[in-house]
Every structure is written in structure tokens, then in C-alpha cells.
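Participant: Take a look at the letters that make up each chain.
Protein chains: 2
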Amino acid sequence: MISNSIVYIVLAASVLALTFAFIFYKQMMKQDEGTDLMKKIAAHVRKGAMAYLKQQYKVVIIVFIVLAAIFGIMAYFKLQNGVVWFAFLTGGFFSGLAGFFGMKTATYASARTANAARKSLNSGLQVAFRSGAVMGLVVVGLALLDVSVWFLVLNGTGLLEAVGAENDLITITTTMLTFGMGASTQALFARVGGGIYTKAADVGADLVGKTEYNIPEDDPRNPATIADNVGDNVGDVAGMGADLYESYAGSILATMALGASAFATAAVEGMQFRAVLAPMLIAAVGVLLSLIGIFMVRTKENAGMKQLLGALSRGTNTAAVLIAVATFGIMYFLFGKETGEYANMWWQTSLSVVVGLLAGVIIGKATEYYTSQSYKPTQKVAESSKTGPATVIISGLGLGMLSTAIPVVTVGVAIVLAYLCANGFNIEFTAVNLSRGLYGIGIAAVGMLSTLGITLATDAYGPIADNAGGNAEMSGLEPEVRKRTDALDALGNTTAATGKGFAIGSAALTALALLASYVEEIKIALVRIAGAASDGMAKVSDTVSWTVEQAKNASLVDFMDVYSVNLMNPVVLVGVFIGAMMAFVFCGMTMNAVGRAAQKMVEEVRRQFSTIKGILEGKAEPDYERCVAISTKGAQHEMLVPSILAILVPILTGVILGVPGVLGLLIGGLATGFVLAVFMANSGGAWDNAKKYVEEGNFGGKGSENHKATVVGDTVGDPFKDTSGPSLNILIKLMSMVSIVMAGLTVTCHLL
Amino acid sequence: MISNSIVYIVLAASVLALTFAFIFYKQMMKQDEGTDLMKKIAAHVRKGAMAYLKQQYKVVIIVFIVLAAIFGIMAYFKLQNGVVWFAFLTGGFFSGLAGFFGMKTATYASARTANAARKSLNSGLQVAFRSGAVMGLVVVGLALLDVSVWFLVLNGTGLLEAVGAENDLITITTTMLTFGMGASTQALFARVGGGIYTKAADVGADLVGKTEYNIPEDDPRNPATIADNVGDNVGDVAGMGADLYESYAGSILATMALGASAFATAAVEGMQFRAVLAPMLIAAVGVLLSLIGIFMVRTKENAGMKQLLGALSRGTNTAAVLIAVATFGIMYFLFGKETGEYANMWWQTSLSVVVGLLAGVIIGKATEYYTSQSYKPTQKVAESSKTGPATVIISGLGLGMLSTAIPVVTVGVAIVLAYLCANGFNIEFTAVNLSRGLYGIGIAAVGMLSTLGITLATDAYGPIADNAGGNAEMSGLEPEVRKRTDALDALGNTTAATGKGFAIGSAALTALALLASYVEEIKIALVRIAGAASDGMAKVSDTVSWTVEQAKNASLVDFMDVYSVNLMNPVVLVGVFIGAMMAFVFCGMTMNAVGRAAQKMVEEVRRQFSTIKGILEGKAEPDYERCVAISTKGAQHEMLVPSILAILVPILTGVILGVPGVLGLLIGGLATGFVLAVFMANSGGAWDNAKKYVEEGNFGGKGSENHKATVVGDTVGDPFKDTSGPSLNILIKLMSMVSIVMAGLTVTCHLL
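Which chain is which? The protein sequence lines are A and B, in order. Residues 13 to 764 in the working numbering are what the first sequence lists, from first letter to last. Residues 13 to 764 in the working numbering are what the second sequence lists, from first letter to last.
Keep in mind that a hint or two might mislead.
[To be verified] DSS-like mimics (lysine-lysine), calculated; alpha carbons at most 25 Å apart, straight line:
id, chain 1, residue 1, chain 2, residue 2
1, B, K70, B, K51
2, A, K388, B, K612
3, A, K131, A, K52
4, A, K398, B, K66
5, B, K312, A, K398
6, B, K222, B, K551
7, A, K645, B, K392
8, B, K38, A, K222
9, B, K38, B, K51
10, A, K645, B, K398
11, B, K612, A, K612
12, B, K392, A, K612
13, A, K612, B, K51
14, A, K398, B, K38
15, A, K392, B, K645
16, A, K398, B, K388
17, B, K645, B, K70
18, A, K398, B, K70
19, A, K714, B, K398
20, B, K52, B, K38
21, A, K392, B, K222
22, B, K312, B, K131
23, A, K625, B, K398
24, A, K52, A, K495
25, B, K388, B, K42
26, A, K392, B, K625
27, B, K398, A, K222
28, B, K398, B, K714
29, A, K398, B, K52
[As the list claims (entries may be wrong)] Covered stretches of chain B (chain A as the covering partner; in silico rule of three or more C-beta atoms under 8 Å from a C-beta of chain A):
id, segment
30, 403-410
31, 581-589
32, 673-685
Don't read these hints as lab results, they were simulated from the structure. These numbers come from a predicted model, not from an experiment. The beta carbon of each residue, even a glycine, is placed where N, CA and C say it ideally should be.
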């Protein structure tokens, strides 16, 4: 008999992750930070980054208070249960905390990485990678902490009953989803704000420094250099941390909810409970295996680039293979002794996990193919620089659009396979097959993200190496050191491609799983409404009303029927249109935000170059602070509108178009957002590396007209790959989360 | 009693349109073509354009023969009826013919317009506009000719029975839809091929001429100049003509099919027939009113820009208001005497038409706001040139993405309103409400396009004026004349914005209407299959089989149920993903095609500049022919793959994912394609006009660094607004058309 106490394994895994994060942090702090100049520069960056984060949290806290208050009011009017507002706050809090710890580590690690790189490439790698691992472990640790503690509290105590809600696994898991909404909201602000910050600084620094004055990247004479390095931390570290925290927690929570609903009526005792446990246990074991992977990342003293890449890949690949094997073990432990209907469930569901893992790998490889200068597509973008910046842009956009094919087809195949594996290869569209299939899709996403501890480490390692390079350049270390940090940086770019594949793929699968959770939440709302109504009936449509019993027994398929959520319903279609539009409008807003903020930065940098005497000769120090302040203000100012839009549109759609409109919105936003995100990430990545390819001496090399043309591409690509593109991942999930939390309102009042 | 003979009114309207087209053509030909040099240049352009069109038709004919053969084979295996292959061919033939006539007229008109502009602005306007009207009238005339003759043949004779099909209005109208597929296929090739041609030449000419050698647009020293002018004709005239022919015919045919199915079971005699007639009659009356509008376009001898614009707007606005009024008359004539259930139908359906007209106007205005240099958005793009080409690109992309909001919301509101008006404001989702509502959406699209005779005239007038300017420049006419042709050209750019609004909006509505036709075709296939089966049953799914009677009586809602076309079905969702991807991949292919073809052009122009002595001093003539040949070859070579992809993907989706997958594909392609098309058209338009705004003397004016930055934007925008964007309009409809024609195959064999 498997009891609630098994969740303590999850809690233990969380503590383990946090402990090792602390150990790695301490190890890193013990390293020497280098010369006084290096320390000074690192302190500058650290100060700027912390100052920004503080400002960002100030704004975010207000938004959280307002939203929590709204949930409180909704609870008062019985549109939500009374735990939601607090679960929402903890999700946001832990997500912010993960970003904070990760960034703090990163800002301490950059100078130390640069200093270690003075010794050898391997030393540099060790410091940077272990510091990245802090981020990876903090994210998975805090996520599992929040998930396991909440589950223990809600399932073990009578808290839900105390606030007047049902105390079953469906209610518990859907309540916990609101914790996911907290994480999503925090992540959106972190991604959008951080993304605007980093790209305003980067674009601003490049446009004036590189293009107009021909001074190299990270040159201390450029007033925006510090802001640019701060940006790497607040955008690529804190922003990405919050982003993946949300993906990770979201996929686990959504799958728990799907498990609760898929096996709610299972005749076998404890089936539902074990289905809810499965995603948590996979994630917990994933932590352990990620740790093993992290310790495998070490290389010989005189390792070259290839060995470095090999070292990182060895770590991530080992973790992935181990989790695939372990999954079969976990599933056998949970479901291996079943007979009859569920006899094959353990290996079938395991296959869904493997499908998810494989899909992530394929998307990662495709991303690498389209964005690495080792392959033809990016080389062709570089070649198009022969005919100027316009053709660089055209070919980069063309590449990005074409590059959507493999990820979309892969996710499409993965959806079908994960679905079919989990329901015993039964394509017939029945309520049981559907809910078990959806559970398979959810658990595929969990599988994809189960090794996040190490994949995020390779991701977060990138900006640390980048900053180390900046530090080395600004503090005038020997060219040999800069060369080493460049190698570390380039390595980070390659691994980041794989990381992006997992992030995008899992976002699509998780969002899909959240659709089912939305319908489940509609059901809970109807049960609540019927229970509170004097006649015991909840109005579903003009012609249909349900009793508590009817609502409880309704399947996903019944909901599709009664709400006419089919593709002939014009309300659904309008929802799909609005969803598709939302993805574009959101991107347009963030692109424009970067454009505006960058323009201010450009003006400031130009002003400093023309008014501060001796700045170009390196005799006078530029006013770094002012550039930091401009980026901070710009990001703060610009992140609010798109983020609030992402929260408001699903609410308004619900109030106007009702349930079918919301589902249309979520599908439209998911499909278009997913494709748009891949397009933007890959176009941006290809432009970046096309520039690097030219810098490596191809098509005229650095300083040539061709190089200038690729710099234009890189500059356009900056907001593509680091602001708008990644924000879309969160947008599609946040819209689902908001809809889930607002389901009670949508059911109660809607215009159409 | 309203009989079949009323269709002769439609035939008469068609003959009227064609007669006036012929008269306008003759009038234009009587004008003097100007100096010998002007004649020579015009002949060059004409020759190049005709040569290209011939080449394009050669390729297209092969595709048509292959497809017609496939339809023939399908008819043999009872997967289609035996008329389809021929209807398909006539659709393609008439569409091609419309493009051919329009382009022939345009190439004769350009020198004559330039020559008339030597006299006065008004004379130039008259020649150009009347020549544009030839195109408008030929398109509507040929479309109505094909529609009315086919209807008379199919409804009057026993042709369908002779080929073994049913002889009812549903079969007649769905068979006629295949004629729409012919038009769509032709249009796709014309748009893609013409779009690649024109932009390869334009981009190539600009990149070397303007950017590298600083010689003005249309300078005879530029070897790509003739190709550029040819491009205006094959892309903007022939391509657009085929495009709108398809939209126009498609909306009428789809609405006829919707009318046939919505009123198939109506108890009132002749109701179904009258519902089928309505779209044809609205279109027929629209021809007459367009003619009135065309005759209203005249202005005083010394008219300024404002008066010119006023003259054009007066024509189009009058036609639009008149058609709104006339619609109430037509509907009263058809349905005014009904009582009971249909008592209010005449004015309710008329309101749907008005909704369509209004939506078109709003989208047109929004397009103008976002793309005209008279408004802030485009001015801001121009301003961003202060910080170089990268920010021009970023802000232009941002603008385009934001600009999708108004059109999408407008279309969304129009869908809901047209739907509700037509079904008597009944939101309840029943089979009757649904089919009547969908008929309303279709007829809104017909309303939107009913004045195409004049709106297309204002569209086609643009490239004629553009070419006239080219001719004036190349033949060295006085600057005053060039100024006048520039004014005419600028006027064309503004009216084109409105035209684009109608094209995009109607495409969205028509595609939506085609979804219902797809389901109708599935029904016909099932009836056919059941009729041919030995047990009289057609297999619908693993658990459901239908008799002929059951299939015949099934409503749209029943089909949604039996095929599980709801948003929880993973197959539907995968379809939506693939559809969204298709829009991007298709754009990526066409963007890359332009990039590749332009690169070849750039190399050739550079080669000529460096090898032909005296070319830059104007002493030696460039080798224009060679540039024309490069564009022709490039376009031919590049148009094939994306076009064939557009045909293959819906077929493959059907064979693999079945009916729910296809419907998902169509919705995904429609929603994403629509938004993407608006984005690309508006970004492209804004970049073009931002450049013009700088050229008008703002932010440094012509020749400044800022100007160069906006030229980069304009160059990127070229394939956006003239190749990829408009092709999407056709893509979304062609995919529907292909699915409709292939419905028999999808029903019979599919993997999932």
C-alpha cells in the first residue's frame, strides 16, 4: 500500500537539491575574485542587477497584491475556494526567490570564472558550470518544495474543508494549479522586464559602440557596457530561471491534476492517488539523476572545445538516459502489480515519458541545426551579408519561419504518441481514452523537464561565462584569458539551443495539458454553483442545467458537447482568432518596448561620447550608472502593459465569449504562440551566430561591410531571441492559468 | 415565383461588365503613346511581362493537367463526381484569362498615362483609372460568367445525373466549389510567381542602384529597371487580379453552397433555391453599382492631391452605400413575402451584408492608419532611422504585429454579428441556427466584395501609375510630368490600403464559410459511399456507420459529434498546430525565394555595372533582357515548391489525421495565416511609406544616413507586402478548397 508518506521522498529530493545548491554556492564563493579592478567591475554589475531586481519586485508585488485581493473577493462570492489566493502568492514568491538566488550566484561567479580562466580553461568551466548548477538546483529544489509541502498540507489536513471546498484529489490538484499561476505571473514579469532590460542595453551598446564608433564588445569605454552585463544577469539568469521554474512546476502540477481527473472513477483502490504521485516521483528521481550528471561534467586540464562540449553533453545525456530507465522503475513500483484494465499501464505510461524526452532532444537538435554556424542555414544568412543588411534580415526571417517545421511536427507526433501510449493505443474518442491520453501528454512534458536540474545548469552557465568575458575585457586581462572565456561563452550558446528546445517543447505540451485542467475547473465551479443554489441546479447553457451529481459525473467529452466546443461554433473560431492575435500583439508590444528603451540608451551613449572629454581615449570614466538607470526605468515602465494584457484578455474573453471562446483563445494562442516563439528564437539565434561566423573570418571578417550587415541582423535578433520569443512560452501558459483561476467567473457570467 | 431564368440577370451583369471593360480598353488604346522612346520602353516592358506570363502559364498548365487527371481518377473510383475535373479547369482558365487581360491593358496603359500626364494630372488619372477599371470589370465579369453559366448548365440540364451524381442544389453548389479550387490554384501560382518576380527585380534594382551607386529609382542606367517595371505588371496586376478573382468567386460559391445546405430542409417551397440565388444577385447588382462608381471618378482640370483622393473615394464610397441599400431591395424581392419563421429574414440577412461592408471599411481604415506616413505609427518607424537600420526593422516589425489587433477584433465582431443577424439573433447552438448563421457569414463576405469592380480598379490603377512614372523617368520627360505621375502613384498607395483591407477581411470570412462546405462535402462523400456499398452502409468511425438516409439527414452539429471535432481531441489540436506552422513555413519559403532570386539579380546588376563601359554615364545601354530573364527564371523555379506544398499538406493531413485533423489544419492555417498576413502587409507598407516620409524631407531627407536606414526597411518590406503576405490570403483558401475536393479520399482512407 502506497501512502501519503511517500511524498516525503519528493520533499527529500527538494532538500537534497537545495543542499547541493548551497554547497556549490559556498565552493564558488571560496574562489578568488581576482584583481581589484575585476572585483570593482563585478561589484558594479552586481549592484546594478540587484537594484534592478529590487525595482522589478516592487512592481510585481503590487500586481500580486491586487490579484490576490481579487481572488479573495472571488472566494467571498464563492467563485473560487479560499486557499487560492495564498497558493497563488507562494507560487510567485518561490519563483522570485529562485530568480534571486540564481542571479546572486551568477553575479558573484562572473569575476571568479574570469579569474579561474587565467589558470586554465577547465578551471573556468568548473566555476561557471557549478555556479550555473546552483541556479538549476535552486529552481527544481524550490519547485519541489512548494509542490510537496502544499500537497502534504492539502491532502493531510482538513484545510480545504475548513474553507468550504471539497477535500478530494481533484480539488487539491486544481487548487495547487493556482500556485502555478503565481509562478507564471512572476515569470512573465521577469522575462518581459528582464528581456527589455537586457536588450535595451545590448542594442544600445552595440548600435553606438560597435556600429558608430567601431569599439569592440564589452569595451570599458562604452557607457552601456555595465548595463549590458547587468542585463545578462537580470534577463538571461533571473528571467530564464523564473521562466523554467514556471514550466517545471506547471508541468508537474498540470499532470497531477490530469491524473486526479483521469482516474477519479477508477475501480482500483488508490489508482487516482498513485497517478497523482507519478509526476512528483519522476521529478524527484530526476533531481538525483541531474546531480549525478552535474558531477560528471569535468574535463582534463588541457581540454579543447570539443572535449568541453563532450563533457557537458555527457552530463546531460547520462541524466536523460538514466531518467528514461528510472521511469520504468517508478511506474512499475506504482502500477506494476495491476491486472486487467491497468495491467500494461506501467510500461505504456513510461513510453509516454520517453516520447517526451525524445521530442525534447529532437527539437534541441533541430534548433542547433538552424542556429549554429556549423551548419548551412546560418552560414547562408552570413553569406547574404554580401548584398547588405536587408538580405541578412530577409534570409534570417525566412530561416526562422522554415525552422518551425521540425519542432511543430515533432510536437505533433509526440502529442499523438504520448496520448496513444498512455491510453493503450486506443484512438477511439471516449471519455476514458481521452483523459488517460491527456495524462500521457502531461507526463511526457514532465519527462522532458525531469532533468531540468542539469539542463538549466548548462543554460545558466552561458550568461555567467558571457559576463566573465565582459569582466576579463573590461579589466584588461591578457588576450589568452579572453580567448578562454570566449570559448566558454561559445560553448554556452550551443548548449542553450538544446535548453531552448526543452523549454519550448515542454511549454506546448504543458499548455495542452492545462486545457484539460481548465475544463476540470469548470466542472468544480459548476459543482460549487449547484451546491450553493436554492434549487440545487447550475445553469450550463440556455437549455441545460445540471445538479451537483450531474456536474460531478460529466466527462470531458460531455463538456465539449454541452458547451459546443467544436470547430463549427463561431464563438470558438473567434476565440482562436483572438488567441492568434494575442501572440502577435504581445510580441509587437515587447519588440516596440525594446526599440523605445534602446533608443533612449543610444541617445545617452551618444551624449556621453560627445560630452565627456577623453572618454574614447579611455582617459575618462563613462557614467555607467546612468545607463543602468535608463535600462531599469525603461524595463519597469515597459513591462507593465504587455503583462497586464496577458492577464486581462483571457478574463475579458471569458466574460464576453464564455467557455467555448476561452478554449478557442487558449488553442489559438498556444498554436500561434508556439510557432511564433520557435520562429523568433531561431531567427534571433541564427543572426547572432551568422555575425559570429563572419567574425571568425568568413566573408570579409570583422570590420568589413559584410560584418556590419550581420551586426544589423544580430541587433534585430536580440529582442527576437531574448525578449519576445521566450516571453511567448510564458504567455501561452499564463493565459491558461488565468482562465483556470477565473473559471468560476466565466461560468457565472458571460455575454454570449 | 422565382425561376431559374433569373440567373440570366447575373449573366447579363457579366456581359455588361465585360462590354464596359472592352469599351474602356478601346478608349485607352486610342490615346497617344507619346514619344518614340516612350513607346520603345513600353514595348520592352510589355514584351517582358508577356514573356513571363507565358512561361508561368506553361508551368501552371502542367500542374492543372496533373490535378485534373487526379480528379478524373478519383471520379473513376467514385471518390468524386465526373464534372469536377472540368469545373476545376474552367476556374483556372478564367482566372488566368482575367490576369492576362488585366496585364495586357496595364502594359499598354503605362506609356499612355505618362503621356496624358504631360497634359494634366486629371488626364493622367483618367487614363490610368479607366485602365485599372478594365481589370476590375474583367475580373467580376469573368467570375460571374463562369458562375452563372455553370449554374445554368448544372441546374437546367441533367448533366450531374448523367455522370452518376445527385442532381440537387447541394451537389450542384459543392461541385461548383471545385471551380473555386481551380481559381485558387491559378491565383496561388500567379501571386507567388508574380510576387517573387517583382520583388527579386525590385530588391535587386534597389540594393545595387539606390544603395551602392546612389542612382534614383527607375533610372535607365540600372539594368534591372525594366525587370522592375515588368514585375509591377506580373505581380501587382496579374497576380492581384487572379487573387481577387479567386476571393470574389470563392465568396459567392461558398455562400451558394451554404445557402443550399442551410435551407435544404426548409418547409417553404423554393426557399433553398432563393438562398442560393442571393449571393449571385448581390454580386450582379454590385457590378452595376460599381460601374456607376467608376463613372463618378472624374475631377477638375487643376485638381490637387486632395481632390484626386476625393474623386476616387467618392466613387468607391458611393458604390458601397448603394450596394448596402440595394441589398435590402434584393433581399426583400427574394424573401420579403415570407411569413412565420422566415418573416424577418430579408432584413436580417441584409444586415449581415452591411456588417461585411462595414468590417471591410474599418479594416481598410486601420490599414491606412498603420501604413500611411500621415499618421504617427509610420512616422515613428521613420524616426527610428535615427538609430540606424536595425531599429527601423525592429520598430516596423513591432508596428506590424500591433496592427493585427484592429483587423482581428473587427473580423471577430463581424463574424459574431453576421452570424447572429442571419439566424435571428439566436446564440443557442443548434443545427438550424448554425447553418443559417454560417450563411450570414458567407453573405457578409459577398457584401464586402460586391463592389470589387471599382475597388479593384483603384487597386490596379496603382501599378499602372507606378509604371507610368517609370516610363516618364526612363524616357527623360520633364520633371513636372514625373511629379504628376508620382502624385498619381502616391494616390494609388493610399487606395491600395483600403483594397488590401477588403482582400484580407473577405479571405478570412470566405475561408470560414468554406469550413462548412467542407463538412457538406464530407456528407456527400458518405452518401455516395453508402449508396455504392453492398450493405448500404458508410463507415464513419470505428463504432459508427451510416445509411444513405442517415448521412443525408445528419446536420453540421451531428458531424462535429460523430467525428469528435472538438478542442479536446488531440488530433484536432495537432491539426491546428500544423495549420499554424504551414502559414509560417509557406512565408519562409517565399521569403527565401525572393532572397535567392534577388541575390542573383544583384550579382547580375553588379556585373553589368563593372563590365559594361560607360553604363553609369548613360553612354552605353545596359542588358535589360538578361535581368528580365533572371527574374523570370527565378520566379518560375521558386514558385513550384511552396505552391505544391500548399496542395499536398491538406491531402496528407487528411490521409493521416482524418476529418478532425483536416478541420484543425484549416482553422489553424486560417487564424495564423490571417494574422500573419495582416502583420506582413502592414509592416511592409509602413516601411515603404516611412522611406517616402524621409524622402519628403523629414529626418535628413533623401541621401542621408537615415534615408539609407529606411531603404533597408523598405527592401525587407518588399517581400512582406507583395509576396509572402498576399500569398497567405490565397493559401488559407486553397487549403480549404483542396480539402473540399479531396473529402472523398479523406473519408475513405485515413490512418488515425
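Participant: Please flag the earlier hints that this structure goes against, numbers listed from lowest up.
Facilitator: 1, 4, 5, 6, 8, 11, 13, 14, 16, 18, 25, 26 and 29
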